Amino acid sequence: MADDQFPGWHGTTIIGVKKGGEVVIAGDGQVSLGQTVIKGTARKVRRLSPGGYDVIAGFAGSTADAFTLLERLETKLEATPGQLARASVELAKDWRTDKYLQKLEAMLIVTDGTDLLVITGAGDVLEPEHEVAAIGSGGNFALAAARAMMDSDKSAEQVARDAMAIAADICVYTNGRLTVETIAK
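Using this note's numbering, read the sequence shown as starting at 70 and increasing by one per residue.
In case anyone wonders, no lab produced these hints; they're calculated from the structure.
Hints may contain errors.
What the hints assert, rightly or not - Listed next, with one range per pair, are the computed distances between beta-carbon atoms: (1) D222 / L102: 35 to 43 Å; (2) E147 / T189: 18 to 26 Å; (3) V106 / P150: 38 to 46 Å; (4) G121 / T166: 24 to 32 Å.
Being a predicted model, the structure only gives us computed values, none of them experimental.
All C-beta atoms, glycine included, are put in the ideal place defined by N, C-alpha and C.
Starting from the given sequences, assemble the full structure and let the hints guide the process.
Have a look at this one:
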């Protein structure tokens, strides 16, 4: 099949919610090839502990590319313990300038319980304006739903779970099988 006929991989919605002293990153498990669901239970939210320093990361995009980026992030965190923002900026700089890394197709949402950041291959390290970040196929649906719930009495985890349920109802590339990791500072 020619490259222009290849339907492409789709999948995963990742959301990060910072509220009430805790940060939650949740991700669904769906991976699709074209219009076919290949896997419904992929785990794209991970807890990293470089040097005993807890960080949660969620990724959307190519799994192999994301694992490469997570390994690089862990290395940066080991070099700058307790400084997630600095490690993220260093990763983004490498990602933007290294010829090998430039080809990686993934995005990350990371948190240490204090900072909530989105890292992109364009060299961006973004801190969300409204304490909610979302990436992936259903990211905009989850983002809109979560922002609408941020003034409610719901916890960060409940906002993330409810936003992901709404995204799964709307986006055909998102399912309701969640991986949820929470961290508090």
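| field | Hints that the structure is at odds with (numbers, increasing) | value | When the structure is compared with the hints, none of them turns out to be violated.
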